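There are 2 protein chains.
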Amino acid sequence: MAAPRAIGIGLLGLGVVGSGVARILTERADTYAARVGRALEIRRVLVRDPRKPRPVELPPGMLGTDPEAVLGDPAIALVIEVMGGEQPAYEYLCRALERGKYVVTANKEVMAKHGPELYELAARRGVDILFEASVGGGIPLIAPLQRDLLANEITSMRAIINGTTNYILTRMARDGTDYRAALRQAQQLGYAEPDPTNDVEGMDAAYKLAVLASLGFRMTVRPGDVYREGITRLHPREFRYAAELGYALKLLAIATRDDHRVLARVHPALIPAEEPLAKVDGVNNAVEVVGDLLGRAMFQGQGAGSMPTTSAVVADVIDAAFRIAHGGEGRPAWRADPDAQVCPMSELQTRYYLRLTVPDRAGVLARVTRVLGEQYQISIASIIQKEADETARTAEIVIMTHLASEGAAQAAVKSLEKLDVVRAVGALIRVEGQA
Amino acid sequence: MAAPRAIGIGLLGLGVVGSGVARILTERADTYAARVGRALEIRRVLVRDPRKPRPVELPPGMLGTDPEAVLGDPAIALVIEVMGGEQPAYEYLCRALERGKYVVTANKEVMAKHGPELYELAARRGVDILFEASVGGGIPLIAPLQRDLLANEITSMRAIINGTTNYILTRMARDGTDYRAALRQAQQLGYAEPDPTNDVEGMDAAYKLAVLASLGFRMTVRPGDVYREGITRLHPREFRYAAELGYALKLLAIATRDDHRVLARVHPALIPAEEPLAKVDGVNNAVEVVGDLLGRAMFQGQGAGSMPTTSAVVADVIDAAFRIAHGGEGRPAWRADPDAQVCPMSELQTRYYLRLTVPDRAGVLARVTRVLGEQYQISIASIIQKEADETARTAEIVIMTHLASEGAAQAAVKSLEKLDVVRAVGALIRVEGQA
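Chains B and Z, in that order, are what the protein sequence lines are. Reading the first sequence from the start, the letters are residues -18 to 416 in the numbering used here. Reading the second sequence from the start, the letters are residues -18 to 416 in the numbering used here.
No wet-lab data here; the hints were simulated from the structure. A hint or two may mislead.
[Stated by the list, open to error] Estimated spans, in silico, between C-beta atoms of each pair: (1) Gly205/Z to Ala254/B: 50 to 58 Å; (2) Ile365/Z to Arg348/B: 24 to 32 Å; (3) Asp47/B to Gly205/Z: 55 to 63 Å.
[Said to hold, decoys possible] Facing chain Z, a subset of chain B residues (Cβ under 10 Å, in silico): (4) Gly1; (5) Thr12; (6) Phe280; (7) Gly282; (8) Thr290; (9) Asp297; (10) Gly308.
This structure is a prediction, so every number in the text was calculated from the model and none was measured. No residue lacks a Cβ here, since even glycine has one placed at the ideal position from N, Cα and C.
Put together the whole structure using the sequences plus the hints.
Listed below in structure tokens is the structure:
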């Protein structure tokens, strides 16, 4: 009996992840062929420069610069996209799906900006797009959302989903260093890019949150729908005060659904120190999902790196190849909830940590609490007077509020800044404990 | 156009979990029908006593005591087993699979004792057996092992997989109470059974570990292959000393593979306090998996309870029903690694915590270290002399060893117990830090 025909694979991109994927698919060809029931064969690889030396050996002639050589090859049933960036990756993915090829992608930007269009295009063409590697490296997140949590209505997702910023914040918390110093350390270790903007301003986390929220809430959440605040203005003393109050300070990506109203946001937040998320340190990632049946579950691991990402890409490849070999649709299709809508950040209700620098004299607290309480109906859970600066004759006060609306909190900060008894509003940080 | 025919479901058992499953399948019928593409219809429920009042309302006549009414109904394509216990559950599952029905089970005992036979029977009949709920309640574990980690060779699984014992140990660590008092608290809160043997002696954890190891390592690991030590003899001072040394004390279920040699064990262990597993407290469960590509990932959540278990059962039901509706084999079949074998516990290499009560006088340490070092080649990492008992003129010493073999450690304990300078060996606990 002739061996069944191999499943042809096209690879778009041969950088760090692409080389890892090509190497593992080659080295473990026999194992994966046994798991799928047919061999997996890389036929074509799209690169920018075919002569560039690569950490993986592929037969000469397999590499080329013409996308059509991959996308137009009828023997290629499965396209793996590991180029990154919105364009031309998005265009190539559309062309692959249009031609009835399965697609596996690690591209968070494309999935965040165009995920729902790609799901629908894949469904129309009777194929699928798999993107486990786009969020959280090798941590299984996408497939569990698509399968294991299907019995649930998901009500909340809270994530530490950017390793660079979590490393920086962990350093600041442990060493008491300032943002600049911690960033430099992260850069020296290769955890932060020379230009760290995408990470430290929360763009990377916002992309990933858009992917998770679109999938988990069955709606279209674009990166622009995600409220975003980075970590660059966090002062070292916030970590000290947070710890004294029993909190950790993390960059959280949070998406919550209340009935059909969804709020998605990325910002620094205080979390009670005993919560599992508060204990996720260094470059680790973690995603906590709350489902109405499941309760709270957390997925944790290395959110980046060539081999963890390869693990996710190849799992998707095996899944897609298995369906190509054996038929079947795989899993329930994504279908948008027509009633779901994204809310503006001003509707957020949460608790706040507020740090003020004030003159070290009597009567100041009364003025401040009157603005919060009478003018904005923000009720105060606790006030702590921190150290005074003898020379400047100022003191620092840290206020923890009860639940308040974001709109009121922002307006209150503006009013406080105008008070003659407030020298500066040092920080306004949301407090995100388990409900 | 006529609506597509409903998928008939038979339910074996209508206890706490069965009632939850029946209620959720009924209440969310429209949602799940949309996800599957066909309605899901419970047709028959096997119970012991049809007249017993239930927390869920089902049409009269649906409940019955004859298993054949469920297993022999050709309109039932999917059988959900939530009876628990080995027999007659195992027999019913075999009969359902033989007749070409998909099976969803929450039964850890059956899966631990007969999993590989059931996988093979299902494959032979062209159907599948799904058992996400058998381990870790609603936490996605089984499906990620079957899908998301398929690119990896899994080398290690370490789990806190019994909520009862983790609750008891958490209480002992936090409150300094002894085992009896912590067990009573757990019983009062409903976290421990009146007869807690299955939990506190590690049987429940051993079942679950057998399921995980068989699946993750692709081999047959039976509950009897799992080395097992319970928590009933742990002394409160171990928690104090462990904390002082920077460790947490947990009941771990550990399965490791080195080449084709697998070791599976359930016993109390010290874990470095900064590891994620050390921070899993109370009734929570967590499973940490190490894959050669993935690195380390951890899954955490509520390991028991009616609704979390229902979440897992219904996810499996939706998955199976989707395949019944749309065809497709779902995922690569489990296939045994013919070379894999279970090793005896004596081959374990790990580090040990050893607590001895000795006379409070000179020369004792020298005698003890000579036995360990010269007689058994166990080298010592640190020795701490803990408090002395003035009246009894004894002192306690805590020894942390370097890597040693289990065989040597057990033999050394026997030799130490015979020394006239050793009043008692208070504890020998394995130390399980990340390699």
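Tested hints:
Under the hint 50 to 58 Å, the C-beta atoms of Gly205/Z and Ala254/B, about 42 Å apart, miss the expected range. A hinted range of 24 to 32 Å for the beta carbons of Ile365/Z and Arg348/B is inconsistent with their spacing of about 56 Å. Between Asp47/B and Gly205/Z the beta carbon distance is about 60 Å. The supplied range of 55 to 63 Å therefore holds. For the restraint placing Gly1/B at the interface with chain Z, the shortest Cβ-Cβ distance is roughly 8 Å, inside the 10 Å limit, so the hint holds.
Using the Cβ-Cβ criterion of 10 Å, the hint placing Thr12/B at the interface with chain Z is satisfied: the shortest such distance is roughly 8 Å. Nearest Cβ of chain Z to the Cβ of Phe280/B: about 6 Å, under the 10 Å cut. The hint holds. Evaluation of the Gly282/B hint against chain Z yields a held restraint, the C-beta minimum of about 3 Å falling below 10 Å. Restraint check, Thr290/B versus chain Z: the minimum CB separation of about 9 Å is within 10 Å; hint holds.
Taking 10 Å as the C-beta cut-off, the interface hint given for Asp297/B holds, the closest approach to chain Z being about 9 Å. The interface hint given for Gly308/B holds, since its Cβ lies 5 Å from the closest Cβ of chain Z, which is under the 10 Å cut-off.
Checked against the numbered hints given earlier, the structure breaks hints 1, 2 and satisfies all the rest.
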